Each structure stands twice: as structure tokens, then as C-alpha cells.
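With chain A fixed as given, assemble chains D, B and P onto it according to the hints.
Chains as they are written, first to last, in UniProt numbering: chain A, 1 to 214; chain D, 1 to 214; chain B, 1 to 214; chain P, 1 to 214.
The hints are simulated quantities; they were obtained by calculation from the structure and are not laboratory data. Source: prediction; values computed, not measured. It is possible that some hints are incorrect.
To be verified - On the chain P side, residues computed to face chain B include the following (Cβ under 7 Å): (1) R89; (2) R91; (3) A93; (4) V95; (5) D96; (6) A124; (7) L125; (8) L137; (9) T140.
To be verified - A short list of chain B residues far from chain P (calculated; beta carbon distances all over 10 Å): (10) A22; (11) T23; (12) R31; (13) G48; (14) D75; (15) V95; (16) A105; (17) V166.
Unchecked claim - So the derived label-pair ranges between C-beta atoms look like this: (18) D:E185 to P:D202: 43 to 49 Å; (19) A:V79 to B:A157: 50 to 56 Å; (20) P:D202 to D:G141: 43 to 49 Å; (21) B:H61 to A:H61: 31 to 37 Å; (22) A:S165 to D:E136: 29 to 35 Å; (23) B:P149 to P:E178: 52 to 58 Å; (24) B:E189 to P:P11: 51 to 57 Å; (25) D:D27 to B:E60: 32 to 38 Å; (26) D:P149 to P:G106: 54 to 60 Å; (27) B:E60 to P:A205: 40 to 46 Å; (28) P:G62 to A:V79: 23 to 29 Å; (29) B:D128 to D:V79: 36 to 42 Å; (30) D:E185 to B:E60: 35 to 41 Å; (31) A:S165 to D:S212: 55 to 61 Å.
Every residue gets a Cβ at the ideal spot worked out from N, C-alpha and C, and that includes glycine.
Protein chains: 4
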Amino acid sequence: MFVLVNLKAYPCDPVAVANAAATVADDTDARIAVAPQAAHLSAVAGTGVETWAQHVDGVEHGSHTGSTLAEAVADAGAVGTLINHSERRLRLADVDAGLRAAERAGLETVVCANNPRQVGAATALGPDAVAVEPPELIGTGTPVSQADPDVVEDAVAAAAAVDESVPVLCGAGISTGEDLAAARELGSEGVLLASGVAKADDPEAALRDLVSGV
Amino acid sequence: MFVLVNLKAYPCDPVAVANAAATVADDTDARIAVAPQAAHLSAVAGTGVETWAQHVDGVEHGSHTGSTLAEAVADAGAVGTLINHSERRLRLADVDAGLRAAERAGLETVVCANNPRQVGAATALGPDAVAVEPPELIGTGTPVSQADPDVVEDAVAAAAAVDESVPVLCGAGISTGEDLAAARELGSEGVLLASGVAKADDPEAALRDLVSGV
Amino acid sequence: MFVLVNLKAYPCDPVAVANAAATVADDTDARIAVAPQAAHLSAVAGTGVETWAQHVDGVEHGSHTGSTLAEAVADAGAVGTLINHSERRLRLADVDAGLRAAERAGLETVVCANNPRQVGAATALGPDAVAVEPPELIGTGTPVSQADPDVVEDAVAAAAAVDESVPVLCGAGISTGEDLAAARELGSEGVLLASGVAKADDPEAALRDLVSGV
Amino acid sequence: MFVLVNLKAYPCDPVAVANAAATVADDTDARIAVAPQAAHLSAVAGTGVETWAQHVDGVEHGSHTGSTLAEAVADAGAVGTLINHSERRLRLADVDAGLRAAERAGLETVVCANNPRQVGAATALGPDAVAVEPPELIGTGTPVSQADPDVVEDAVAAAAAVDESVPVLCGAGISTGEDLAAARELGSEGVLLASGVAKADDPEAALRDLVSGV
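Extracted from the complex, chain A is given alone in its bound form (with noise of 0.2 Å):
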């Protein structure tokens, strides 16, 4: 299971998140990586953890004035990125431009869609995995593999039918173990979390008690 920790523009101090799983994955081989904004990159990087950005622009080398160049994140330490988050959604073309630009800079890819239809088509633009988040339950707490488990499940099944190739994540309210047990039976490969991590009073807990569910 993947652990995709988004930090979005939550005022938590992303270093010390960043360290919290830096030091949950060395203790239990589990895979987490941490994602903030832009400009907290290369101090997250730092602290040796697995390093996403939250969007790239399907741009390249150029005048492009205020973008996010793939290049420029993957300079500052970033490893992936989130493509079409939800609360950055791109056009079409450009969720295949950015898809692009990520892979020109080695970066690999998440494309996140709002339910199991765009995830087909998000599929069939070659990532190099889906996520599936409801916008209704993002923020909720309630976890979308208690609430709509058939969201998983169907985003699984239009994943595979476009190609078998590409996991599933899941996302929406997942914040403790049993919530990624639950995502895992469903089918999805990972979760993407936010608030259940980022605005923990401890959320080197948080991490404990979510990848206990691995």
C-alpha cells in the first residue's frame, strides 16, 4: 500500500510532517510519501522523505510566467506528483499535457478523478496510477470505503477495463488503519490523505495507526 500524504495549504509545519513519516517509513517499510506546496519542496526533500508535488502544469521550458514547470519540482527534490486533484482540476488536454511534462522530468503520476467514469478516462491518458476521492467526502473524516464502497470497487473495475496496468488509490476521509484495510480489500493499491495527518496533534500517531492497517 501506498500512503500519498497531502499537505494542500494546511498551516502545519510541513518539515515536521515530513520527518513524522520519513520516520514512520523507516520503522515499517511502509511506503510514505509527503506532499506540499511548491515552495516547501526541497525543505521536505530534505529531510530524506518521499517527496510529491501537489500539480504540475503540462507546460515546458519556456514563458509560462506563474506555472509549475515539472522540471522545476523535480529540481527541488520531488519524486511524483498529483495531477487533477480536485480542488485543481485541469482540462482534458491539459491532465494529458501535465501527465507528459511529469514523465519528460521523471516524475511519476497520480491523476485523481471524482468518480469511476473519469477514472477510466483519467486511465486511459497513461498514468502511472488513479486515484479515486468523491468530492462530497473530502475534509468529511467519513472514510469513502465505509461510505461508498462502491465507488472503490467500480473505480477499480473502469481502471481494469481500460488497463490492468494502472493501481487504484483511494482517497475522501481516510485517516486511520482500519479505513486502509478497508480501501485494501476494496481493491485500491494506496490512499491519499490530507486533515487525518496534516492537522494531527501528533501526526507521527496518525502514520503509526494508519500504516498498522498495511
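For chains D, B and P alone, coordinates are given in the frame of chain A:
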């Protein structure tokens, strides 16, 4: 073969083009539709030609000032709609929502895409048809079937890999009966065209030449 | 006072509301306009009511599939247009381009803005009028003139500081003659309203009550 | 004169340019800042050069995956930010929100605009400075001060008509000391430049030539 004439925001007389299309469709049994600006839909539909919208938003009835509501274009006489044209690219989630809105209003749908990979993704969202239009060829007068025949064949294969029942139209640079015949040879079941008819001195003659390729 | 009834994407009968507005305007000498979906413009204009568009894009004739061309809405009978409604916010450069497009097509313009600072900015772009609508009050039924009278007075001051000749309309929560009278007291020269008329059981009665405040 | 070097998404070494800028600034007392990709901010700030962001989003701490949070760029060492660059145009309401976010994080602000009218609008939103950059001249090597001196003078007048305390920078095609001197003559208090330094074989020499115009 389905011939869809997109009037874009051209300074043509939409009713004159619609009358020409209606006449040629009647005379030849070709299926020809005209897609004008939303504000011109009722005038175009009044000619009796098959009338399409150029775009609908993925919204329901409600507080959506300045949107293009699927039910409103259907009221005005549209029976189908383009979605995600390269001049009106939508977010992946909004292509999905636009398709659901169009279905709800009883509109037939063609989702446009730039390349075979995006055609596969569009097909996964469940449209009635998809169209491949390499943006670099739009408006050039060089037909995609000649400039880049592989892109048409690859698009047909990409759609079939996801759902064999979804036909592929092809666009970009189509203007003659020869172009249409070539598009058909490559596996497409229709064409999108715009300037070749809308900017023609004699739209009726242009359409007659075009459908001679059927 | 100018009364602009925005039908948004409401499930109302646009022609029935337009007829009610035309009747009340005739009976009372109030200036009342109706802004329907683009696809409904010609039907609404056919009633004889003053007809406005909800939006125009900042484009010229050309390859702009799915756009709302100012000339097309004028063809369909619109004599004015909203620009930058809070449900259709535009980039600063596109507010400017939309205004120039509307001018070119002979449309009167009202640029919407969320707060006095943005009203000042909108005024600098040279519209015929500006409107202040705090987004948090839209659709609440609580009139801005009551919930936040300062925002109306400040908007009037902000517009005047940039260009004294640009009148300020006010929107958000307006539905009664009392609300309209209060808006006038605060310095506004018109009102934008939507659900108060469009969703009324009896739009004509709602409009008669409203203009009784003039 | 303030010299702001925008590195866009150019394939330059941001630290090398930053070191060159820091050296020239030290030697000449010119005010020179460098604006890299967000992911490069901390590396650039580490050189001691005045560091700016290319963009911030108008968001607060919270669920905003893939955003550029003003506090995050400040953490990474930025002391100012561009907003609404022509390659990253924002909605009018988001220019306002971006300015408020930057203020909250203690960042100095320059809002970019395409023409004098938009400069007036930007000024009304309360930035620390505005910049006029006609998009058609960006990257041409033809300085706006030479190609279209009126646009600079008109921009200075437009800003002053709204708020006399807001200085105007000028951009587009600036690369030599002569260009900078011309910009100053026309009333601007600084310049934005990009390729003239970022793509120079010797950025330090390019900057020395540039500030010789002060």
C-alpha cells in the same frame, strides 16, 4: 457519414448556411447538421435543418448566470451538442458533467479531443460519438486525413479499445468530397468542418461537393 | 431606477416572465429589462421587453467555438449585457475585452463586482454602469441594502472616485419595493434581481410590488 | 529604478542568475530582484538576492491542493510577488484576493496589466505597484519604451488618475541600459524583464549594462 458544420463565431449568415445545408440534406439523403452560436439556435432550427449547439455547460437548472444550459439549447431547437471543442476545452470533470447534462436534455453528444489518447479518455466518459481534431490543423485547409492519416486511424483504434460502439468523427482541414472519402477510408463515420462551408462563397456548392464523397 | 431581471439558468418560462415584465414596464413607465439564457434571447426579445444578455465573451468574429459573441446576442435582440457576474467571473483582461466587444456590437454594459474595491476597478474599464453584489448575499432573500448598507454606499463612492458618470446598480437579495427604495436611498440607480421575480409564483405581481418602490 | 528579473519557466540556472543579480546589486546600489519558479524560491533566496514569487493565489490556509499560498512563498524567502502576469491572467476577483493574500503574508505586490485602462483598474485594487506590459511586445526584444512610448505614458497617467501613490513599472522587450533610461523618461519607476537577462550568455554583464541606465 455525418457532416457537422460548425459556424463558430464566423461572420457568416447562419440562416443562409442552414438553408443551404437543409437543401443539400434533402436532395442527397446525407445527414448534415449545423452548429451556430447559442443565440442563433432558434433561427437556425427554424429552417428545418438538424441543429446542434457548439457547447453546453455541465450545470443543472439553478444559479448559473452566463452558462449554457442544456435544456435551454434544446428548447431553442438543438438536438445535439459538441462538448470540449479545442476552442472551448473543458476540465475532465466538466466534460463528464456536460455529457450528463446533455443526456438529461435529450441531446446527442460529440466530444472533441486533440489526439488518440484523449479520444480514448473521452470515449470512457460515455458520449454518443467522439471527434479527433489535431489543433495544429484546424483552419489550415490541410485535411487531417492527408496531413496525418495515422492520427485518424489511431483515434479509431483508441476509441474501439475503450468502447467499440462509439463512432469517431474527424475534423481539422476537411473541405472537399475527397477529404470526406479519405476520412471514411480511415475509419471515421463523419466529419466536423467549419470554414470550408461557413466561409465559402457558395455554401450550398461546398456542401454538394463535400457530400459527393459519401 | 433600472430594474434588471436575471433569469440565470432557472427553470422558469422565460417568455412568461418577459411578458410580465413588458406589461409592468408599459403600465408604470419603469425601466425593466430581462436577461435570459443566450438560447432564449430571441424568444424573450419577441415579447417586446427590453432584453439583455447574461454574458458576452471578449472575442471578435472568428474561430471561437462555444463562445458568446456580442454580435450574435445583438442579432437575437439583446440591447445590453451583464459582464463578470459573480457566477461568471472573468479575468481582468477579459472584462476589458468583453466591454470592447459589447461596445462594438452596440450593447449597453453593466459590469458586476463583489465589493467596493472591485467596483472601482470595474469603473476604470469604462462600462456604462457597474453593479455591486456581495456573493454571500446572492439568493439569500436578505437585501444587501439591509444586510450591509455600507457596501452599497462604499461602492457608490468607489465608482465616483474613478468616474462620476458611471451609475451603480445594486444586487443580491433584492425582492420588494422596500428593498428597491432602500437601494435608491443609498445612492444606487438600479437593481439586479433574479429569484425574487424568476421564482415568484406570480412574476407580474412581484414586479409590480418592486417598482412601487420607485 | 526597480529591476525585477522574471525567470518564467526558462531553462536557465536560477541560482546562477540570482548570484549575478546579487553581485550587481551589491556593486551598484541598484535594486534588483529575481522571481523564479515557486519550487526554486528557497534556493534563490539562499543567494541573498531580493526574491519574488511569480504568482500567488487568492486563498487562505486550507484545502487548496496545487495552489500557491502566499505564506508558503514567504516561508521560502520571497518578499514580493507578481500578480496577474499576462501569462497567468487572473479573474478580477482573484487579482483582488491575491493582493489581500499577499498583504496578509507581508509580500510586496506588483499587479501586471496589458494596457492603460487595465492599469487604472489594477491600481484601484490597492497594489504596491502596477506594471504595464503590452502582450504583443513580450519576448520580442523590442522595448515598449521605443515601440509604443504612449502606452507607458498613458499607463502612468491612468494609475495616477486613480491613486497618485502607486508607481508604474514597465515591461516587454526591455534589455539594455538605454531601454531602462527611456522607461524612466516616460515616468516609470522600474522595469520587468525576463529573456534579456535569463537567456543572456552572461547574465551579470546584461544586468550591469541594464543598471548603467539608472
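Hints, verified against the model:
1. R89: The hint holds - R89 of chain P has a Cβ within 7 Å of chain B, the shortest such distance being about 4 Å.
2. R91: With a closest approach of 4 Å, the R91 of chain P hint holds.
3. A93: At about 5 Å, which falls below the 7 Å cut-off, the nearest Cβ of chain B leaves the hint on A93 of chain P intact, so it holds.
4. V95: holds, 6 Å
5. D96: holds, 5 Å
6. A124: holds, 4 Å
7. L125: holds, 5 Å
8. L137: Constraint on L137 of chain P not satisfied, violated at 15 Å.
9. T140: At 19 Å from the nearest chain B Cβ, T140 of chain P fails the 7 Å test, so the hint is violated.
10. A22: Nearest chain P Cβ is 33 Å from A22 of chain B, so the label holds.
11. T23: holds, 36 Å
12. R31: holds, 27 Å
13. G48: holds, 34 Å
14. D75: holds, 27 Å
15. V95: violated, 6 Å
16. A105: holds, 19 Å
17. V166: Its Cβ never comes within 10 Å of chain P, the nearest being 12 Å, so this holds.
18. D:E185 to P:D202: 43 to 49 Å: Given about 56 Å between the Cβ atoms, the range is violated.
19. A:V79 to B:A157: 50 to 56 Å: With a Cβ separation near 54 Å, V79 of chain A and A157 of chain B satisfy 50 to 56 Å, so the hint holds.
20. P:D202 to D:G141: 43 to 49 Å: Given about 45 Å between the Cβ atoms, the range holds.
21. B:H61 to A:H61: 31 to 37 Å: holds, 35 Å
22. A:S165 to D:E136: 29 to 35 Å: Once the Cβ atoms are compared, 31 Å apart, the range 29 to 35 Å for E136 of chain D and S165 of chain A holds.
23. B:P149 to P:E178: 52 to 58 Å: holds, 55 Å
24. B:E189 to P:P11: 51 to 57 Å: At roughly 54 Å between Cβ atoms, P11 of chain P and E189 of chain B fall inside 51 to 57 Å, so the hint holds.
25. D:D27 to B:E60: 32 to 38 Å: holds, 35 Å
26. D:P149 to P:G106: 54 to 60 Å: holds, 58 Å
27. B:E60 to P:A205: 40 to 46 Å: 43 Å Cβ-Cβ, so the 40 to 46 Å window holds.
28. P:G62 to A:V79: 23 to 29 Å: This hint holds: roughly 26 Å between Cβ atoms.
29. B:D128 to D:V79: 36 to 42 Å: Holds: the Cβ-Cβ distance is about 37 Å, inside 36 to 42 Å.
30. D:E185 to B:E60: 35 to 41 Å: holds, 37 Å
31. A:S165 to D:S212: 55 to 61 Å: For S165 of chain A and S212 of chain D the Cβ distance comes to about 46 Å; the hint is violated.
Checked against the numbered hints given earlier, the structure breaks hints 8, 9, 15, 18 and 31 and satisfies all the rest.
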